[in-house]
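Enquirer: The hints should help you fit chain B onto chain A, whose structure is shown.
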Amino acid sequence: MPGNEVLFELHGVGKNYAGAEGGKPVSVLRDVELTVRRGESVALVGPSGSGKTTLLNILGTLDRADQGKVLLDGQDLGSLDEAGLADVRNRQIGFVFQSHHLLPHLTVLENVLVPTLPMAEGAVRAAAPDRARLLLKRVGLGDRLGHRPGQLSGGECQRVAVVRAMINQPKILLADEPTGALDRNSSRGLAALLKELNREDGVTLIVVTHSMELAKEMGRVLEFGDGQLREGGQA
Amino acid sequence: MTRFRLIRRSLVYHWRSHLGVVLGALIGSAALIGALVVGDSVRESLKDRAEARLGAVELALSSGDRLFQADLGSRLEKAIPGQATNAAGQSVNLQWGGTGEPRAHALVLQGVAVKQDGSARAHQVQILGSTVPFWRFSPREEQRMELMRSALWRGRPSTSPSGLDDLALERAFMEEFGSWRKPAPGGVRLNRALAEQLSAKPGDTVILRFAKPSALSQDAVLSPRNEASVAMRLVVEDIVEGERFGEFSLKSGQRPALNAFVNESELWRVSGVTNRANLLLVHGGNLARSVSPWRQKFLQSLQAPGNGWPRPIRDMLLRSLRRGLEPTPAESEVTLRHVTDELRRHWQLADAEIEVRTIEEPMTRTGGEVMPPMIEVATRRIFLDIPVRDAGLTPRKRLLRDHAAFTADREEDLTSAAYVTNGIPILTYLANSIRAGDRLTPYSIVTAADAPWTPSGMKDGEIVVNEWLANDLGVKVGDRVELTYYDPEAGARLLEKTNVFTIRQVVPLKGIHADRTLMPEFPGLSKAESTRDWDAGFPLVHPIRDEDEAYWKAHRGTPKAFITEAAGRAMWANRFGDLTAIRYAVPENSFTSGFQKIVEANLVANLDPAELGLVFRPVRAEAFRAATSGQDFGGLFIGFSFFLVLAALLLMALMFQFGLEQRLPEVGMLLAVGFRPKAVRRLWLGEALALAAVGGVLGAGAGLGYAQAMIYGLGTLWRDAVAGTPLSFHVTPGTLVIGLLASMVVCGFTIWLTMRRQFARPPRALLAGSIEEGRLGGRSRGFLVGAISLALALALAGWALVTGDTSNAGVFFGAGSLILIAGLSFAAGGLRRMQGQTEALGGLSLSPGKLAVRGTARRRSRSLATVGLLASGVFLVASLGAFRMDAGKDAMRRTSGTGGFALVGESSLPISVDLNSVAGLEQYGLGVEDLKGVSFVPFRVREGDDASCLNLDRAQRPRLLGVRPELLSERGAFRFGGMAKGIASDAGWMALKDWKEAGGVVEEVPAVGDVASIQWALGKKLGDTLDMTDERGRPFRVRLVGGVVNSILQGSLVIDEAALSRLFPGVSGYRWFLVDAEAAAMADVSTKLSRAMADVGMEVAPATRRLAELNAVQNTYLSTFQVLGGLGLLLGSAGLGVVVLRNVLERRGELGLMTAVGFRRGAIVRLVLAEHVALLGAGLGIGLAAAVVAVMPSLWGAGSELPVQSLVLTIGCVMLLGLVTTWAATRASVRGSLLGALRGE
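Protein chains in written order, with this note's numbering: chain A, 1 to 235; chain B, 1 to 1241.
So here's chain A without its partners, still in its complex pose (with noise of 0.2 Å):
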């Protein structure tokens, strides 16, 4: 259950795009506002180019904004180097993608734990193995390890890339279509494993769909429109 204590705290965030032949900059994002509680699962829907990926990538930090400020447990994102983000993607944050971004030239054990490899605490990445055994086993991939990605369905592949994503426990998962390339079956099995991941581990989770179904599974919906966002919106 999502408590009090806030994860995420946006003010004023704003993103503009470059136009062509230096024309006028594009406005993606106008003056966001928002709060995410720890535990929350929060759905980002509206249509396509409305700034919703932006909104992820900004929170995920692979983007910068700006306008405005970003903080995660209180921390402005936006005082960090490229190297203090780094840090929060790789110990806070977890990422699913619509595409998997599997390696293929690893295993399925590998490839959960290339997000240890940065990590210095040599205690912490001894222990990585059998936790992201513990996990596959846990998303019914147990008997998978050995696997490359070639040999997998998407639907597995997608969760191999959500167990990637929870190998160094972070407080927020964000996942941007994560079913988007997925048949039904795989969709409600992925959104089944990221609610009880959401329920069970407490981990926050924000994510960004066109899915209706996948939408209605989470706390909360935000849908955006011409650069804003609403409470409660329609996925």
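Check the hints yourself; a few may be wrong.
Quick look at which bits of chain B chain A covers, simulated, 3 or more residues with Cβ under 8 Å [what the hints assert, rightly or not]:
#	stretch
1	8–20
2	660–672
3	751–764
Restraint ranges, calculated between C-beta atoms of paired labels, are given here [unchecked claim]:
#	chain 1	residue 1	chain 2	residue 2	range
4	A	Arg133	B	Lys678	25 to 35 Å
5	B	Ala1156	A	Glu9	29 to 39 Å
6	A	Val26	B	Ile788	33 to 43 Å
Away from chain B, derived, C-beta distances all over 12 Å, residues of chain A [said to hold, decoys possible]:
#	residue
7	Val6
8	Ser50
9	Thr61
10	Gln67
11	His100
12	Leu109
13	Glu156
Think of the hints as simulated: they come from the structure by calculation, not from any bench.
Backbone N, C-alpha and C define an ideal beta-carbon position, used for all residues, glycine too.
Expert: Frame of chain A, contents of chain B only:
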């Protein structure tokens, strides 16, 4: 899971896409390592040459025309081995290598060899009268000793390291010993090079002709002309191979010397000398050295039978270790110092041809008057060297006990030396005539000396005559006489001068005034029984009367007149000296013999043998230094392979970029999961370095093959580039390691540059897999850079044209490069603008052409890389042709490389007559009619290293040519490329006149050389100086004041003849000639001169041929560059093909869409072709524009022409190759179903 594992897995998984990268690295590394190995091979081959010509010689004393006593070596030998002192003052043990005597002497003379039937002739032949010890210096003996030494290291001397047992070793020794012999009288041993030139075999008869070693320089007026050269008719005994010391020579260079080894005693007899030599060799490998234990162990493992080392590697390591045993410069220095010290302890005055004798004339020869005995210092060289004069008149300040001949030297002897200050300098010379009114006495000896021969206080304008002369001229005290003599410095020009003297005194022909020993032993005069037998170097123009003959018979060379020493010196001092003797009165209470010893000791103590030309030179160390510091072929071939390496690197970078573009989301994912950007870059760099390492290692193997191919090329196709030097393949371990590391670093750096930009992007963009092509549209820096480069290029070319400096190829090459940069910058800006415009406006007015343009602009960096590669290739390969030299072009112009001279002549023996005079020509049986319109510019030659590009060694002591500068200046011969700072730009040849001396010693001599020789062979620039030593061991500087462009003067430095004579009095006559002749008469003149002057070994050749030989080196370098550049272009074309393939494969979906909307396949192929032919065209256009600017000097400069043929050929080939590659790649990539590709999207 580790980072290393991540890299390894990635390498294995993506091996197919990595192949291209590895291939690029392989080619780059092969070219790089190959070039370095070529450098190794040339260097090692040069060292081999040095070893072949020097064998085991470490030091050599070569005294030229000064003949020392043949036993000098054995006197020195007694002192060695011994304790020497190193630079730090520590005592070190000096052991002598070799077996038997550690030294050998020889008499070496230059000459001409002719086969008896006249069918073959060889010039510049080294005739060596040698002894058995000489052969012990053979390279083969050195190798044998080396085997012995390494056997000793192993501690098992019973087995040689080569696996030979004692018996086999002994047999080899005996076989060697058989070759250690001197030729029998009447026999000659020829070395291979001379035998081949003469086509001579054992049993054939050859004639050797050489100049007799003369006591007096050939240049001296009194030097006899007849019998200056003598001939020996000899039967060839055998041919001496190089390994048996047949190629012995002290002169650096790659052409083997032409050696004829003759019986020493016979050479002495024919030369008219006895027990004399002018070459002393001392063995090397002398210092006891400690060999480090690891080196010993390593050697043992290499030498052990069945050691498992592959033979090439074993040989490479053994050779490398062997080179490590060469004496270090410090060790050579110790040996040199030790031997020089020993020389100082053991030399004798006779070694410098100085004689100290007692003059005791009987009363019967002095008119019945007693003449007290005197001690005289004189020399068979007639004139006493300046240092001898100074030493003879200065009391010594040190005891001589360290000298072998004066071990019992006492303090009293030192005190007695003070008497030498009483020495009387004497200069006796020949007056052509002494005239009083209409009466003339011909050919009289006159002595210049102060009291007692002339009265104290006699003025320099006064003269003492003997009664005979006074009677003959009918003069008395107070009368004036005219004394006419030949200027001794005028040499062959026989310049007469006259001085007027007033008679101070008439003396009877008695006592000291009747001393016939005052006349030095002028060769050709002193031994003549009659004046009619005189063999002087001048025509006897005054009739010799009976009374003259009678005087000669009765009194021989007794002087008829006496003048003051100062007056004599003013007239007759010359470069050989200013005295003919010093006389000392024996002090009272002294024995004559005792005082003679005191004079001798005084001279020995005061003289350094080096001042008299008795100097040991560390010839081995010099030879190795020359071999290692010569033209760096490694660097040269890296330069030649530059474009090939560049093309390989660009190809590699392209391939890497393609792989990277495919894997961009992977990079994004790693960043997304928390890898820091630096960590991701390191991961990729690790992967890239692994690829570079694989490519490098494979490239090392390929590089060895490439090097072998280059060596083969240098031995065949590009033989001229190394002046025919035989090269063998060598590689050193260091080179492989350095080459490998260098190639890895270069490849790694290239890849780092490639990925730097892509990795600087935000992770979201990388995750999306979009490729960075920079900002679109807007103002481009490309146009600005292009405009600036273009302006600079035009300014540079304009400046060169305005100042007339069109010969400065560097300027035009620089301007060409700037045009290249400008073109590429404009292309970059254009592509950027087009990309922006097409994306913004493309939809409004679309056409197939615009589609093609859009395609070209969409991958800007790729397109630009392709254009750049092609443009640079075309520029380099095409413009190089412009620097080809044509020796024949404008050859008769004074400003051309021939200086406008038709012929170049070089004689083996010096020519002392003036060939521009009738008398001079008559000396060789030539008449004025024979050589109508022909004139000569003669040069004196001080032999030295060939400083032209025909010598691969770094010239340590370049050959000096002495000329009267006005002869070249008045002709305006040769074109000056520049003068040193501080020298007037129009000074030209006259700048040579400005040499500096202090206290009669030449300190600095200006020199003019060929610009190429100065820069490449000497490694210097105008204004620099070279430190050299003169004949007497005194240092002087040669300042390079001017450089002539691309001339036949390459290889030598030209200085003022007067300066050369002062520095090297021993250099007599002229040996190098530039000949002016009508073009039509050239062949005829050449034949006449060669025939008439065959005995002095005159070799005459067209100046253009000599220039062509020199140009061949540069032209061959250009060919090499063009071939390797062509290979690079091939690679560039392959790069274009790869880009086409990649572009089309990336756009198969797009092309599928075009098919879907109705485009036919042919139209699509044309579209793709148009797109890439535009790139090809841009590359060629830019390259061509740059090349045209670079070849501009051809339009103005002499000696080169616009290489239209090679330009058209190069451009045509590149165009064709590019078209074929593009077409093939396009066809291949649009094959199959494009609609399928669309479905795949």
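Enquirer: Hint by hint, say whether it matches the structure.
Expert: Hints and how they fare:
1. Coverage of the stretch 8–20 of chain B by chain A holds [criterion: at least 3 residues with CB-CB distance below 8 Å; count 5].
2. Interface restraint, the stretch 660–672 of chain B with chain A: holds (7 residues with C-beta to C-beta distance below 8 Å; minimum three).
3. With 3 residues bearing a CB less than 8 Å from a CB of chain A, the stretch 751–764 of chain B meets the requirement of three and the coverage assertion stands.
4. Our hint of 25 to 35 Å for Arg133(A) and Lys678(B) holds, since their Cβ atoms are close to 31 Å apart.
5. For the pair Ala1156(B) and Glu9(A), the beta carbons lie near 50 Å from each other, so the given range of 29 to 39 Å is not met.
6. Remark: the range hint 33 to 43 Å for Val26(A) to Ile788(B) is upheld by a beta-carbon distance near 35 Å.
7. Against chain B, the non-interface label of Val6(A) holds: every CB pair exceeds 12 Å, the least being about 23 Å.
8. Every C-beta of chain B lies more than 12 Å from that of Ser50(A), the closest at about 16 Å, which supports listing it as non-interface.
9. The claim that Thr61(A) is not at the interface with chain B is violated, since a C-beta of that chain comes within 12 Å of its own (minimum 9 Å).
10. Every Cβ of chain B is farther than 12 Å from the Cβ of Gln67(A); the closest lies at roughly 17 Å, confirming the non-interface assignment.
11. For His100(A), the condition that its CB be more than 12 Å from all CB atoms of chain B is violated, with the nearest at approximately 9 Å.
12. Here Leu109(A) does not stay apart from chain B, with its beta-carbon only about 8 Å from theirs, under the 12 Å limit.
13. Every C-beta of chain B lies more than 12 Å from that of Glu156(A), the closest at about 17 Å, which supports listing it as non-interface.
Of the numbered hints stated above, those contradicted by the structure are hints 5, 9, 11, 12, listed in ascending order.
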